[in-house]
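Which chain is which? The protein sequence lines are Y and S, in order.
Heads up: the first sequence is residues 1 to 309, going by my numbering.
Heads up: the second sequence is residues 1 to 309, going by my numbering.
Errors might be hidden in some of the hints.
It does not matter which identical chain is used: a pair holds within one copy or between any two.
Said to hold, decoys possible - Taking lysine to any residue and the SDA-like style, the derived pairs with C-alpha atoms no more than 25 Å apart in a straight line are:
id	residue 1	residue 2
1	Lys253	Gly118
2	Lys253	Arg9
3	Lys293	Ser129
4	Lys257	Arg237
5	Lys73	Asp28
6	Lys8	Arg102
7	Lys293	Arg9
8	Lys117	Pro148
9	Lys257	Glu11
I should point out that these hints are in silico values taken from the structure, not numbers from a laboratory.
Spelled out from the first residue to the last, the chains are:
Number of protein chains: 2
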Amino acid sequence: MKPAAAQKRIEGVLAPAITPFRRDLSPDPDRFVRHCRWLMQSGCAGLAVFGTNSEANSMSVDEKLELLEALIKGGVPAGALMPGTGHSALSDSVTMTREAVRMGCSGVLMLPPFYYKGVSDEGLFRNFSEVIERVGDERLRLYLYHIPPVSNVAITLDLIERLLARYPGIVAGAKDSSGDWSNTRAMLERFKDRGFDVFPGSEVFLLDGLRAGGKGCITATGNVNPGAINEVLRNWRSTEADKLQAAITATRKIVQKVPMIPALKAITAHFGNDPAWRTVRPPLTELTAGEEKQVITELKAAGFSMPGL
Amino acid sequence: MKPAAAQKRIEGVLAPAITPFRRDLSPDPDRFVRHCRWLMQSGCAGLAVFGTNSEANSMSVDEKLELLEALIKGGVPAGALMPGTGHSALSDSVTMTREAVRMGCSGVLMLPPFYYKGVSDEGLFRNFSEVIERVGDERLRLYLYHIPPVSNVAITLDLIERLLARYPGIVAGAKDSSGDWSNTRAMLERFKDRGFDVFPGSEVFLLDGLRAGGKGCITATGNVNPGAINEVLRNWRSTEADKLQAAITATRKIVQKVPMIPALKAITAHFGNDPAWRTVRPPLTELTAGEEKQVITELKAAGFSMPGL
Chain Y
1 MKPAAAQKRI EGVLAPAITP FRRDLSPDPD RFVRHCRWLM QSGCAGLAVF
51 GTNSEANSMS VDEKLELLEA LIKGGVPAGA LMPGTGHSAL SDSVTMTREA
101 VRMGCSGVLM LPPFYYKGVS DEGLFRNFSE VIERVGDERL RLYLYHIPPV
151 SNVAITLDLI ERLLARYPGI VAGAKDSSGD WSNTRAMLER FKDRGFDVFP
201 GSEVFLLDGL RAGGKGCITA TGNVNPGAIN EVLRNWRSTE ADKLQAAITA
251 TRKIVQKVPM IPALKAITAH FGNDPAWRTV RPPLTELTAG EEKQVITELK
301 AAGFSMPGL
Chain S
1 MKPAAAQKRI EGVLAPAITP FRRDLSPDPD RFVRHCRWLM QSGCAGLAVF
51 GTNSEANSMS VDEKLELLEA LIKGGVPAGA LMPGTGHSAL SDSVTMTREA
101 VRMGCSGVLM LPPFYYKGVS DEGLFRNFSE VIERVGDERL RLYLYHIPPV
151 SNVAITLDLI ERLLARYPGI VAGAKDSSGD WSNTRAMLER FKDRGFDVFP
201 GSEVFLLDGL RAGGKGCITA TGNVNPGAIN EVLRNWRSTE ADKLQAAITA
251 TRKIVQKVPM IPALKAITAH FGNDPAWRTV RPPLTELTAG EEKQVITELK
301 AAGFSMPGL
């Protein structure tokens, strides 16, 4: 393995940056770079590009690598990036992870292979192990992506235990998008003092997470509300913390009344006055006019804005 | 669109050919071609390569295209092939479908995009529609792959109705791996006289399917028991049909007592005296020694063999 560079681990609010598509559904690197730069200027400590909310799994490996390259060329520091690199195909996961490390990304956020269901922890261990061994680079920081409501394949605590024992330093943490605080808490209790950084998958659990030893959050609505979410992180020990948390939770609840990914795009299109953002790739569909009107109206009533967009 | 060639539609017993991997987990084209040729000589009318049981979703598009090319060069007629070409990423589905048509494959068997859950029929319609339009070739024969126990994304009858109305002749049929005969029967009743060929996804439903207007079956155990399954098809109007069906159902039931994909590989390894076949790609794992012993012992007791392997 190549030796590890001394690199600070990523912490704070990370957004799974949404991906803009042109009318012909091809990814739009310029618009992507602009949005990512805005996120970094607006409260995000890093970007978990190619997450679920990025429509990552609607894109090929090549399409994603082109966007990643454009992002780094466009001035977003590789050290702030934690791209999603987990695919259903082992070979795709290896290619994408290797390239992310080569480009200097701070870490990678890896889904388990998500086509086959009911697979064993042994099979999942072998999957992550093959990726780590084939990439063969001590700079790799691998964050496990637990999102059973979508992947339908879980990252169990026992699996984390095995991976951490075998690859300490490389297996660096997890995003828990189970939506189940008891799971996040259990993950924190068991692993937080072992070089394993836990990020809840929603800002709803940001303050609870920080109080229990979490390192921030990686959250869909970080795409539209990064400043306010970052304020919770900055002030989590203050007496204002619960009030700040309540406000971001309220915003989240407005957004998630409608389908999340097209909602994030519609909100960005509306507040950025850039209609092209509404385009999603199949199998997703845009919000209906009624859904968009509802979410925008409620956000405005709550005083929401996207300053500088 | 390019004009359609007059080509006979594929009918009969199709196997989702298992994929051999070397010790380093790379696909093994030579062993693949040998197995596929044996299948074609042993009762299969065609091969649904890159199906669920082929570990298709554990391979990259490039790896699959190399195997497909090797197969055709190796003497398996493209007209007997119905490769799986559906991926979670639209761009991958387009690439793979376009290449399959270019190589002259009889049809393609398309999974819906399977990462996002709870997607709408409208979103799935757009996915298949984009693939058809981008491939833009009248030779395309698209078979829809309904396997909700694994994909967790269903092909509804209403979706078939819409696709068939918009792309008659191109949307050519479906494989129903729901395991729910009432769904297969409903599909047959509604679409069998409209140029839409229905294949149950297990030989357990072969005879029922044929009697209701089905065109054969596409079945995992076609990998190991193609001759006997084909005998049901050849004799389905005879008085022997129910007895022949009972025999293949009994064999199927022995195999599916253990995990199907490693079972097919273990059986092929055992009866072909070729241990390399046991290798699976993560996240799958081989059968345990006990599982393998059980399935082999029971198959032998039932008089099972793989002649000519």
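These are the hints, each one checked on the structure:
1. When the C-alpha separation of Lys253 and Gly118 is checked against a cutoff of 25 Å, the pair qualifies only between copies, where the shortest distance is 19 Å, while the shortest distance within a copy is 32 Å.
2. In this assembly of identical chains, Lys253 and Arg9 lie within 25 Å of each other by CA distance neither inside one copy nor across copies; the values are 30 Å within and 52 Å between.
3. Proximity of Lys293 and Ser129 under a CA criterion of 25 Å is satisfied in neither setting, with 47 Å inside one chain copy and 28 Å between copies.
4. For the identical chains of this complex, Lys257 and Arg237 are neighbours neither inside a copy (30 Å) nor across copies (56 Å), given an alpha-carbon limit of 25 Å.
5. Only within a single protomer do Lys73 and Asp28 lie at most 25 Å apart by alpha-carbon distance; the minimum there is 14 Å, versus 39 Å between protomers.
6. Within a single copy, Lys8 and Arg102 get their C-alpha atoms as close as 17 Å, which meets the 25 Å cut-off; across copies the closest is 49 Å, which misses it.
7. In the homo-oligomer, the alpha carbons of Lys293 and Arg9 never lie at most 25 Å apart, since the shortest distance is 40 Å inside one protomer and 48 Å across protomers.
8. For the identical chains of this complex, Lys117 and Pro148 are neighbours both inside a copy (11 Å) and across copies (11 Å), given an alpha-carbon limit of 25 Å.
9. In this assembly of identical chains, the alpha carbons of Lys257 and Glu11 never lie at most 25 Å apart, being 29 Å within a copy and 47 Å across copies at closest.
The structure fails hints 2, 3, 4, 7, 9 (numbered hints given earlier, in ascending order).
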